[in-house]
Amino acid sequence: MKLSKKTTGRSKSTGTGRRNLMVRFWHVLVALASFELLWVAGSLLKSRRVNRDKAQGSSHLIAAGNVNQFKPGEVKGIPQGGFYLVCQEDGSFLALSKTCTHLGCTVPWNKEKQQFTCPCHGSTFDSTGLVMAAPATRPLDYYPLKIENGEIWVDIAVPVKRDAFASFQIGRS
Amino acid sequence: MAKSTENRSLTFSSFVFHLHPPKVHAETLRFTLSFGLGGMAATLVVLLLVTGLLQLLSYSPQIDQAYLSIQQMYQPGGLGGFIRNCHYWAGNLLVVITFFHFLRVFLTTAFTGPRRYNWIVGLALFLLVVFANFTGYLMPWDQLAYWAVTIFTSMLSYIPVIGSELMTLLRGGQEVGSETLATFYAIHTGIIPVLMVVLLLYHFWMVRKAGGLIKQENTRGVAPARIATHPHLVAREVAVVCLILSIILLFSAVIDAPLGAEANPGQSPNPAKAAWYFMGLQELLLHLYPSFAICVVPLLVLFFFIRLPFGVKETPAKGVWFGGRKGALNAAISGIAGTGLTFFTVLIDDTFLIRKGSSQLSWLWRGLVPTIGCCLILVLLYFILVRIRKCSAGEAQIGVVSCFLCGAASLTVIGIWLRGAEMALVW
Ligand code: HEM
Ligand code: FES
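Note that the protein sequences, when read in sequence, are chains A and B.
First residue of the first sequence: 3, per the working numbering; consecutive thereafter.
First residue of the second sequence: 461, per the working numbering; consecutive thereafter.
Treat the hints with caution; some may be incorrect.
[Stated by the list, open to error] Sample of chain A residues facing chain B (criterion: CB under 8 Å; computed from the structure):
1) GLY19
2) ARG20
3) TRP28
4) VAL32
5) ALA33
6) GLY83
7) HIS104
8) THR108
9) PRO121
[What the hints assert, rightly or not] Pairwise CB distance ranges, derived in the manner of DEER restraints:
10) A:PHE37 - B:LEU840: 47 to 57 Å
11) B:ARG785 - A:GLY44: 27 to 37 Å
12) A:ASN151 - B:VAL873: 36 to 46 Å
13) A:ALA43 - B:GLY784: 23 to 33 Å
14) B:ILE622 - A:HIS29: 18 to 28 Å
15) A:ILE64 - B:GLN727: 47 to 57 Å
16) B:PHE763 - A:HIS29: 20 to 30 Å
17) B:LEU840 - A:ALA43: 37 to 47 Å
18) A:GLU150 - B:GLN727: 53 to 63 Å
19) B:PRO536 - A:PRO81: 28 to 38 Å
20) B:VAL873 - A:ALA168: 41 to 51 Å
21) A:LYS115 - B:THR799: 14 to 24 Å
[Stated by the list, open to error] Stretches of chain A that chain B covers, calculated by requiring three or more beta carbons in the stretch to come under 8 Å of a beta carbon on chain B:
22) 111-118
23) 133-140
Simulated from the structure, these hints should not be mistaken for lab results.
The structure displayed is predicted, hence computed values, not measured ones.
By construction, the Cβ of each residue, glycine as well, lies at the ideal position given by its N, Cα and C atoms.
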């Protein structure tokens, strides 16, 4: 291509230079347009999300039962909240999210082995939600809870992420 | 447009000649050059568009109705089930055929020179095909669909910086729900088909612009023979179209597309497996630190294949499979090595390393080190092929790609057939 242009004696003519500029301008324009389209798509998706987040924010505290329904060491799934209520050996309570921190599968509690094992990629967690086997890298999320007159109240608005176990994650009567 | 009756009768052939030149090189009609794979893929895309449009009439994209609407397609006496079967099997076959088309383009060295931009368009098409299949997978809202989409959207959250924002955008909130189905429905039935058709027309135009399919290097100095597109090429194309259509229609008449139990957010199936074309990636997820399996490795692979036509100066013989016998032997040896190494590594990791739990340095020992290790193995293979087997750079490249693809295929096989409950290895 280049060679044939040279032989016709139009090499380095301002014509091609101007054409290159036009082409470049054209490319920039296309890139801008695509970027803008993406941005519009993103903001449309975002408006849809805002609607749902508002709807979700309405439910906060749910009652998960009374302290004397639980024995120390017991782990019980609370279906209406999508979490596990763990009664620890010292009688304190911890509300653990059912969602595996690896990629979001629901982890079942294995009573014999006293651990959670994820069916999707095999991550295992102990009864406080700490990682026992990869590929998960974070402990299970928890929900803040408080105990009033023996009633356990769990705030299921947002699961809280954590890197380790700490005493403020639990509730005592 | 058509002014006379004669003109009107030409409409079909003038359409054909918009996509084809009037004459083509005789040697490119050889079935064993292309195996008609591109044509098969194009046929499947058209079939998918037609059956997809028809399904818009019977499917309801709401989470409380989607599953039911699919079940109702299978009412006795109706054609809905047959249409869904065609759409399902054509989609799955398209992944296979597109992959083989990609292989043939690579192995006959038809991706360099003027064809290199078409190679990139092709890669984009391949990604679109996989993503189309994947978004379609969610539509029935059964257990498979629900958990596949949960896992996939969570995977996005490991992308640095934009990840979690991207995840909530696609899900339409923190959890998978009705907005997620609505978004995926829009992507599957609107955005992807439009992009696909546009890219395909561009793809065909670029094939024509490059002067048709790849030819062998002309050594004899005689001008290569050219013959009329109609009937020689058109007849062959019609044959391929009929072949692939009859296969799909017959298969769909006999075998129903699978439908699992209705989605249940409270319980993941055990084992929860992705669609078969993602099982290689899922297997990788078991072994690698998440952000490496999800982000680093796929980007490296994509970058490698995009760069491919721009790297090597000296290519293997064009239009010849593997560039000749030596290339074929190289590819076989490298492929066997890739397969063996993959099975060995998976076995070692599963028996000794995986149960060690996670530590602060997981990203290093389960991420960076194995990734660099794999790259080094491929580089080593390249130098072995060049130095010891005296290959040209292009021939060695075929070996490296063969090793990589066989490794990826092994991961897929392990994931599909050798993983049982809780993803433990089973024989
Ligand atoms: C929906 C998917 C695709 C369709 C329908 C499609 C269709 C076609 C068709 C009809 C041809 C003409 C020759 C033939 O049959 O081989 C072709 C050629 C070609 N395709 Fe594709 N293709 C697809 C995906 C891809 C992919 C994934 C790649 C590679 C990354 C690719 C790269 C090429 C190249 C480089 C050529 C020119 C080959 C040559 O000149 O010999 N295409 N494609
Ligand atoms: S989602 Fe639980 S291990 Fe991957």
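Exercise. Look at the Cβ atoms of GLU150 of chain A and GLN727 of chain B and judge whether their distance stays inside 53 to 63 Å.
Key: 32 Å, violated
Quiz item: Does 41 to 51 Å hold as the CB distance between VAL873 of chain B and ALA168 of chain A, or does it fail?
Solution: 44 Å, holds
Exercise. Could you check the hint for me, namely that PHE37 of chain A and LEU840 of chain B are 47 to 57 Å apart, CB to CB?
Key: 41 Å, violated
Quiz item: With 8 Å as the cut and Cβ atoms as the points, is GLY19 of chain A at the interface with chain B?
Solution: At 23 Å from the nearest chain B Cβ, GLY19 of chain A fails the 8 Å test, so the hint is violated.
Quiz item: Going by Cβ atoms only, is ALA33 of chain A closer than 8 Å to chain B?
Solution: 16 Å, violated
Quiz prompt | Status of the given 36 to 46 Å range, CB of VAL873 of chain B versus CB of ASN151 of chain A | solution = 59 Å Cβ-Cβ, so the 36 to 46 Å window is violated.
Quiz item: Can GLY83 of chain A be said to touch chain B, with a Cβ gap under 8 Å?
Solution: 11 Å, violated
Quiz item: Hey, does the VAL32 of chain A contact hint survive, CB to chain B under 8 Å?
Solution: 13 Å, violated
Practice problem: With a cut-off of 8 Å on the beta carbons, see whether ARG20 of chain A makes it to chain B. | Solution: Status violated, d = 24 Å.
Self-check item: Satisfaction of the hinted span 37 to 47 Å by the C-beta atoms belonging to LEU840 of chain B and ALA43 of chain A
Solution: 44 Å, holds
Quiz item: Cβ-Cβ distance between ALA43 of chain A and GLY784 of chain B: within 23 to 33 Å?
Solution: 48 Å Cβ-Cβ, so the 23 to 33 Å window is violated.
Quiz prompt | Range hint 47 to 57 Å (beta carbons of ILE64 of chain A and GLN727 of chain B) holds or violated | solution = 20 Å, violated
Hints 1, 2, 3, 4, 5, 6, 10, 11, 12, 13, 15, 18, 21, 22, counting from the list given before, are not met by this structure.
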